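Undergrad: Chains as they are written, first to last, in the numbering used here: chain A, 1 to 289; chain B, 1001 to 1130; chain C, 2001 to 2556.
Hints were generated in silico from the structure; no laboratory data involved.
There's no promise every hint is true.
Computed list of lysine-lysine pairs in DSS-like fashion (alpha-carbon distance at most 30 angstroms, straight line) [stated by the list, open to error]: (1) 2510/C <-> 2531/C; (2) 2433/C <-> 97/A; (3) 1118/B <-> 97/A; (4) 1118/B <-> 2269/C; (5) 97/A <-> 2531/C; (6) 2181/C <-> 2442/C; (7) 2510/C <-> 2497/C; (8) 1118/B <-> 65/A; (9) 2011/C <-> 2416/C.
One side of the interface only, derived from the structure: several residues of chain C facing chain A at Cβ under 8 angstroms [to be verified]: (10) 2423; (11) 2548; (12) 2552; (13) 2554; (14) 2556.
This structure is a prediction, so every number in the text was calculated from the model and none was measured.
C-beta atoms are modelled at their ideal positions from N, C-alpha and C, and glycine is treated no differently.
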Amino acid sequence: MSERLFYANQLAISRTLTRIENDRSVAREIIGSLEERDYHVVGITGSPGAGKSTLTDRLALLSSKEKRTAIIAIDPSSPFTGGAFLGDRIRMKSSTKSEEIFVRSMASRGKVGGLSPSIYDAVEFLGRSGFDRVFVETVGAGQSETDIENLADVVLLVLAPGLGDDVQTMKAGIMEIGDIFAVNKMDLPGASQLATRTGAILEMSGRELPIILTNSINGQGVEELHNLIEKALGELDISGAIEEKRRRRTLYNNLNSVYQIIKEDFSENAKLEELMNYLLENRRLSDES
Amino acid sequence: MKRVKVLVAKPGLDGHDRGAKVVAMALRDAGMEVIYTGLRQSADEVVKAALQEDVDIIGLSILSGAHMRICEKVLNLMKEKGIDEKPVFVGGIIPAEDALELKKMGILEVFGPGTPLKAIVDSIKGAVDK
Amino acid sequence: MNNPENLKKVKEEWKEKKVLPLLRKFPERKSQFKTSFDGDIDILYTPEDLPPDGYDQALGFPGQYPFTRGVQPTMYRGRFWTMRQYAGFGTAEESNERYRYLLSQGQTGLSVAFDLPTQIGYDSDDQMAEGEVGKVGVAIDSLEDMEVLFEGIPLDKVSTSMTINSTAAILLAMYIAVGEKQGVDPSRLTGTIQNDILKEYIARGTYIFPPDASMRLITDIFEYCSKALPDFNTISISGYHIREAGADAAQEVAFTLADGIAYVESAIKAGLDPNVFGKRLSFFFNSHNNFLEEIAKFRAARRLWAKIMKDRFGVTDEKAMMLRFHTQTGGSTLTAQQPMNNIIRVAFQALAAVLGGTQSLHTNSFDEALGLPTQDSVTIALRTQQIIACETGVTDTVDPVGGSYYVENLTDRIEKLALDYLQKIDDLGGMVKAVQEGYIQKEILNTAYNYQLKVEREEQVIVGVNQYLSDENLKKDILKIDPVIEEKQRNKLAALKRRRNSQVVEEALKELKKAALGSENLFPIILNAVKSYATLGEISNTLRDVFGEYTEAVIL
Chain A
1 MSERLFYANQ LAISRTLTRI ENDRSVAREI IGSLEERDYH VVGITGSPGA
51 GKSTLTDRLA LLSSKEKRTA IIAIDPSSPF TGGAFLGDRI RMKSSTKSEE
101 IFVRSMASRG KVGGLSPSIY DAVEFLGRSG FDRVFVETVG AGQSETDIEN
151 LADVVLLVLA PGLGDDVQTM KAGIMEIGDI FAVNKMDLPG ASQLATRTGA
201 ILEMSGRELP IILTNSINGQ GVEELHNLIE KALGELDISG AIEEKRRRRT
251 LYNNLNSVYQ IIKEDFSENA KLEELMNYLL ENRRLSDES
Chain B
1001 MKRVKVLVAK PGLDGHDRGA KVVAMALRDA GMEVIYTGLR QSADEVVKAA
1051 LQEDVDIIGL SILSGAHMRI CEKVLNLMKE KGIDEKPVFV GGIIPAEDAL
1101 ELKKMGILEV FGPGTPLKAI VDSIKGAVDK
Chain C
2001 MNNPENLKKV KEEWKEKKVL PLLRKFPERK SQFKTSFDGD IDILYTPEDL
2051 PPDGYDQALG FPGQYPFTRG VQPTMYRGRF WTMRQYAGFG TAEESNERYR
2101 YLLSQGQTGL SVAFDLPTQI GYDSDDQMAE GEVGKVGVAI DSLEDMEVLF
2151 EGIPLDKVST SMTINSTAAI LLAMYIAVGE KQGVDPSRLT GTIQNDILKE
2201 YIARGTYIFP PDASMRLITD IFEYCSKALP DFNTISISGY HIREAGADAA
2251 QEVAFTLADG IAYVESAIKA GLDPNVFGKR LSFFFNSHNN FLEEIAKFRA
2301 ARRLWAKIMK DRFGVTDEKA MMLRFHTQTG GSTLTAQQPM NNIIRVAFQA
2351 LAAVLGGTQS LHTNSFDEAL GLPTQDSVTI ALRTQQIIAC ETGVTDTVDP
2401 VGGSYYVENL TDRIEKLALD YLQKIDDLGG MVKAVQEGYI QKEILNTAYN
2451 YQLKVEREEQ VIVGVNQYLS DENLKKDILK IDPVIEEKQR NKLAALKRRR
2501 NSQVVEEALK ELKKAALGSE NLFPIILNAV KSYATLGEIS NTLRDVFGEY
2551 TEAVIL
């Protein structure tokens, strides 16, 4: 199947994604059968209630004017029943109405990092099937924020006033991740203070990163945000840093698979998670050297 | 790892979503992944959600009396998009003769007021296992 | 014995000596007895369970603060409540016919049901309206339809209640225009528009615009009507749908009054005097199955609202503290199984509403869990009210259950629980915010789900549904809406659009857009547009362009 055709065939994409989600080795086979392709992954994270979904919706719509765009929205699975509510489509009105954008919800299915265990494969598959931009919206709680760093080329951290973001994010160290910061709900009191404080915190940690005020409901600031993301991706392409990002993505995809294999085969072994952390730690050390 | 994926949709203009949400909660508690679309979905949007999410089964909640037209449209669109193998069930205030008509049309099951949640969950599990 | 301390002791002794020995031999039916709001129910209530505030403060006299025993001094000894059956379906012609029938049968007020496209601001020819035209109520696209709807019904003689919310301004404008054509001055119009948008976000779903714009439209109506329609109730703050969505009795009171507080606050902000418009506020409650609890609920709501108006808003005119309400029996309590049982349910619910002191009442038809009611079933529902009014004798004295130890205790408890919720909502930054964040919706859904689980476990028995089943054929005569209606309505609309002066329409809409962008009162401009025969959809879409549309809170 030609690239363009595959992209256009939402049904084929959708059905293949299900196979990828349900079986890791099948996923490998499918991805292996498709040629490698350049595409970009934009990660969107932040506290629940910050307006991630609405913002993702608007960004995807802008992106879809030039690029073939897909969204993967992740929601948490219940640790007790394995069931999940996937409600992101409610807030993604434009994208779900658009003929151009492919929207898919995924349950986290108990993955430690908060992303879905098959997320790497799903993203890689979408990229190879012809999508240029894949937006990945995280659960927005737990460890998904740190995991998204390994998956995405550019990470957008969405904050909003009134959520205790200023205090909490500092505490959690979430601000260590994120390449672009959006202070959403800019119409609410406290938004500009939050932006200022975010800037100060970043400066203290020696990172100078763009911070932008947005209103995902009426779209204010979203176009600038879109341009910032495009610019960041463009810079990655030009500097060649994108290659490093992709290398890291593959690396983590592999590690993730290792984890899955071990976990599925010896699920009663409580030590496995610890073992996984060692592996990740080692890897990080070797990267830094 | 395989999980049952269900679409719970509220097509049409009717805003009574207690039933849809309570059923969605029960399905989640039964270990399913439930995609909820929110109110006022066109047939087009419902079918698109079913297609993009590749759900195993589709539930439509309709209390406005517009069920005949809506179901017909959804089923036709599903055929057109090539996903007519997915079972569809309907919940709501559906007169008995309409329920018969809907089943003839291809709706798998019609759940009226007072249907036990367990019956709905079991029926969905049964339909998906087939 | 009259000393409460002593009474408490005596009751304990009675429990120990009389009850416990018996329980050892014959245990009770259930290990615990609970109210709908999950409160414990004791085996017996005595004078010690009466309100601690004393008779004067807690109960008082009918027609006096805090109105626990009723808003009028004579209540039903003066006149019965308004028997108002909600009706409307198909085209304006058909609904008009049913209204005239109901009036001829002794009904004393009209209650108009609109179809969903009318409620959500779509004309019958809009793609969104497909399949829905005339289904749950009458389809109104323009003033022309409204003229037909009230043909032969003198608007100065009948009080009309309209269940309309996000498009309330448009429909009220049409009503005024029809009145004027009949030669009735707006100041003589009586009735109610629902106009309660917050509960649409919470429970009923016919919202269009985001909350800020919606609240503006509502206060614009308040302001305009305070002068032009002084006898018209400009809002019916509705707990009915909140209860239908699954809330318990205490939540129904809490969330309804919280909505009320939000409206009063925004009206005060718009410069209105709560002593004046407080009198134009009306409420709308559900009457459910739990008979005594429901009676207590109405009394608790009345007392709490009086306190809120007096203490929170500093109202001094007692009339502006009175909670006057309409009641509808609980639609969600109707069963599709053994539908005739519903007649009995409705009778008890209606009786609870009357004992709770309702000002008007709709009794559901027994076949409504199967489809739209037929003329016969509607008649039985109306007769139920007439039997309560004329045969049961409960109308011959005011607040006959007042002083019941149990009912007074329940009244207190419901009031207290509602008060706790009001505090929580204040802490969240008010009702609008609590709704936007989905807090209220989540609370209700959790109650609804827990209730359903109780039904599944048969802890809650529903006769004919989870116990006392019988084999039956669910087929019945139901009212069918002719699918041709949609086409008829579209043709009528097309004809109107050809006939009217489109230039005048365009100008009226342009003016509306300009006004919406600014801050002036939109009502007179909408009235002007309506008179030019601009359609409901055209007016709504003009406002949609300016205000945008609301996206529901994700609560699952």
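Undergrad: Give me the numbers of the hints this structure contradicts, sorted from smallest to largest.
TA: 3, 4, 5, 6, 8 and 10
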